[in-house]
Amino acid sequence: MTTVVEVRDLSKHFGPVRAVESVSFRLEENRIYGLLGRNGAGKTTLMSLLTGQEFASSGRIEIFGESPVENARVLEQVCFIKESQKYPDDFKVKHVLRTAPWFFPNWDQDFADQLVTDFRLPLDGRMKKISRGQFSAVGVVVGLASRAPLTFFDEPYLGLDAVARQLFYDRLLEDYSEHPRTIVLSTHLIDEVSDLLEHVLLIDDGRLIVDQAADDLRGSATTVVGGREAVEAFIGTREVLHRDGLGGLASVTVARLSDTERQAARAAGLELGGVSLQQLVVRLTSGTPTDFEEKSA
Amino acid sequence: MTTSTLPAVATARPLPRRLGNVIRLHLANPFTILVTPLMVLGLIFLINWVIWLLVRTATPTDPDTVADVSTGLQYSGASMWTFVYMMVVAIMAMNLTFSLALGFGSTRRDFSLGTAVTFLGLSAGWALLYTGLAMVEKATNGWGLGGAMFNSFYFGIDESWGVRLFNAFVAFLFFFAIGTVFGAIYVRFRARGLILFFLALALVLIGLVALATVTASWGAFAEFFVAIGWFGGYALSLPLSLVAGVAGHLILRRATPRS
Amino acid sequence: MDENRPIFPQIAEQIENDIISGALPEETQVPSTNEFAAFLRINPATAGKGVGLLVDAGILYKKRGIGMFVAEGARARLVSERRERFRDQYLAPLLAEARKLGIDDAQLVRLITDTSPEKEH
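Residue numbers (our numbering), protein chains in the order written: chain A, 2 to 298; chain B, 13 to 271; chain C, 44 to 164.
One chain only, chain A, in its complex shape:
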C-alpha cells in the first residue's frame, strides 16, 4: 500500500477557534476519498493545510513523503482549487484555462477542451460575474484536466444543476478509471457523492470522527421500527444512535445487527431498515439533516 498523504496530530487554531483539532489519518494511492462534514466543520481548513496554503499550529503533514509547505516539488503534483478561490480583477474564464496548464505538469489540453464544451463554459465570462454553477464548473474542469496525482475537489457541486452533476460524476469516473490518481471529494452533500467514494473521512467541529471504508459504513447501522414496547424490548442495552417516534411507533437506529439478531427482530414483528451514508453522518455528527442538504439559491 502506498501512502500519499500522512497526517499526524494536526491542529490549527485561529485565535480561540479550533478549526482543526488533533487530526490523524493516511491516504493511500489511487483511491477516491470523501472528506465529509458540515459547512464550517474544518474541511477547507484541512485541505488548505495539506496544500501549504495555511500554516499548521501543530502536528505533521507529509505529502508524497515530504512537507508540502513552500515545497514546489510536492505542490506541482497537487491540485486544489478552493470553492472560495479568488481571481484577479477582470479575469475571465479563458484566462483561468490559459494559465492553469502552466502550473500542472500532467495537464491534458484535449481533455480540458472537451470538458469546456461539455459544461458549456462561457470563455469570455468574468470570474466575478458568472453564475455560481459556472464558477464551480471552472474549478471542476481545472481539477479534472490537471491530472494531478493528488486532486482535491472542494464543494464541486455548488450551483451545478442536475445535468452538470451527472456530467461531473461521469467524467470523473471515466477519467479516474483511465488515469488512476488520488482524489478527495470534499462536500457537505453526502447523498450526491456517496456511491463514488471508496473511503470516508468525516470531520465534525474540527475533529476526525470517522475514517472508514464506505462499504463498511453502509449497513453499519440499522433502524428498528415497530411498536414502542417491542422495539425497546428488542434493543435492550444496545447503543442507540438515534431515537425517533410517532405516537405508539418507535424508530431506533442501532449498530449493525447479525443475521440471527435480524431474524429475532423479524420474529418479534419488528421491521428493519438500512441507514444511508447521509443518515449515518447526520446521526454521528452534531448536525441536523438540513446541514447536509442543498441550500436553495
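In short, the hints are calculated from the structure, not lab data.
Wrong hints could be hidden among the right ones.
Said to hold, decoys possible - Across the chosen pairs, the derived CB separations fall in these ranges:
| hint | chain 1 | residue 1 | chain 2 | residue 2 | range |
| --- | --- | --- | --- | --- | --- |
| 1 | B | F210 | A | G16 | 20 to 30 Å |
| 2 | A | R127 | C | E70 | 51 to 61 Å |
| 3 | A | K129 | C | A66 | 45 to 55 Å |
| 4 | A | T3 | B | T23 | 14 to 24 Å |
| 5 | B | A22 | C | E115 | 39 to 49 Å |
| 6 | C | F82 | A | D260 | 22 to 32 Å |
| 7 | C | E70 | A | R267 | 36 to 46 Å |
| 8 | C | F82 | B | F201 | 45 to 55 Å |
| 9 | C | F82 | B | I207 | 51 to 61 Å |
Said to hold, decoys possible - Which residues of chain B face chain A? A few of them, derived with a C-beta cut under 10 Å, are:
| hint | residue |
| --- | --- |
| 10 | V21 |
| 11 | R30 |
| 12 | R36 |
| 13 | H38 |
| 14 | R266 |
The beta-carbon is built from N, C-alpha and C at its ideal position, and this holds for glycine as well.
Place chains B and C on chain A using the hints.
Only chains B and C this time, still in chain A's reference frame:
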C-alpha cells in the same frame, strides 16, 4: 501493519520555468496591467493636447512669451498618473494574483521572486516608453504646440537621456515597491493592519518633519539635494525600494490567501 | 442500488441474477469493472469488489488480457445455491405471514395452484 512505500515524486521544474509561470500569470490579462494604463495615458495626453492648443491660440505669438509658456508647462504632473496606477497594480497583485498563484500550487518564494522580476521588467518598459516619448516631444518641439508632458521638470529636464531613463526606471520601481509593501501588509494583516501601518508611518514622517523644523535643518536638507543632483536624488530611492521589496517578501512568507 | 446496504454484494447479486435468467450465458464475457462502475455511477473499486466476490466463488473467471467470463457450470451452481436459500429466504417468511393471517396449509396449497400460471419449464 502496512509498510508504506512512497511514490517517487518528480523533481520540481527548474526555477526559471517556475518564475516564468508567475511572470506570465501577472501578465495573463494584459488589460489590467498594460492596456488600461496606456489608454488612460493616451487620454490624459489628448486632454493636455487640447489644453496646449487652447493656450497656444490664446497667447500672443512672440517667441519670448511662447518660450515662457512652454517652460511653465514643464511643471506639468500629467504623466504622474501612471505611477499611482502601477502602485495600485502592485497592491492588487499582492492580494489577488498571490491568491491565485498559491491556488495553482506556487510557493511564496517563487511568487515573490517572479513578481520582483515582473515589476523590474515593467519599470524598465515604462521608463523606456516615457523617455522615448520625451525624446519625440523634444524633437517635435512639444508636439508642435510647445507642450510638455513627458519632458517634465520632474525627471530632470537638463539631464542626459541616460539619466532621465534611469530616473524614470527608479521612480516606477519605487511605486511598485511601496505598492508591494502596502499590498503585503493588507494580505497578511488585513485592513486593521494596514491602517495601523499608515498611522505609524504618518507618525514617523511627522516626527521627522518636526525634527527637521526644530533643528532648523531644512536649509541643510535642501543643500544636500542640490549637491547630489537629480541622479543622486532619484538613486536614493533605490535602497528604499529594495527595503520595501524585501519587507514585502518577508511579510508574504507567513501570509495566507484567506478570503 | 440500495443506498442502505453495502454496494458490492448488490453488484454480485445483479450479475448472478443475469446468469440465472440466461442474460449472461456461460463462457460469455461480463462487462469490465470500469464499465460497471461507469454504468452504475459507482466507484470502480466497489465494482471490482463485487466482481471479486464472484471470482472467489468460482462463478466468474479471468482470461488474462481479455476480461471476465462466466464459468462453466456457473448457472447450475447458482440455481442450486438459491434453491437451498429459497426455503429460508422466501418460504419461511411466507409461512409466517400466512400463519399470521390464519391461512392453513391446505388453503395455502390451493392459493398456490390457483395463482401459479400454467407454464412450460
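For A/K129 and C/A66, compare the CB-CB distance with the range 45 to 55 Å and indicate the outcome.
-> Hint holds: Cβ distance 53 Å, inside 45 to 55 Å.
45 to 55 Å as the expected CB spacing between B/F201 and C/F82, which holds or is violated = holds, 53 Å
When the least beta-carbon distance from B/H38 to chain A is tested against 10 Å, hint result | Holds. Min distance 9 Å.
Per the CB criterion, is B/V21 less than 10 Å away from chain A?
-> holds, 4 Å
Could you tell me whether the CB distance from A/T3 to B/T23 stays inside 14 to 24 Å?
-> At roughly 19 Å between Cβ atoms, B/T23 and A/T3 fall inside 14 to 24 Å, so the hint holds.
Between A/R127 and C/E70, does the beta-carbon spacing fit 51 to 61 Å?
-> holds, 59 Å
Between B/F210 and A/G16, does the C-beta distance stay in 20 to 30 Å?
-> holds, 24 Å
Okay, C/E70 versus A/R267 on CB: inside 36 to 46 Å?
-> holds, 40 Å
Cβ separation of B/A22 and C/E115, checked against the hinted range 39 to 49 Å | holds, 47 Å
Take the C-beta atom of C/F82 and the C-beta atom of B/I207, compute their distance, and say whether it sits inside 51 to 61 Å.
-> holds, 59 Å
Does B/R36 pass the interface check with chain A, least Cβ-Cβ distance below 10 Å?
-> holds, 6 Å
B/R266 as an interface hint toward chain A, with CB separation required under 10 Å = holds, 7 Å
Violated hints: none; the structure is consistent with every hint.
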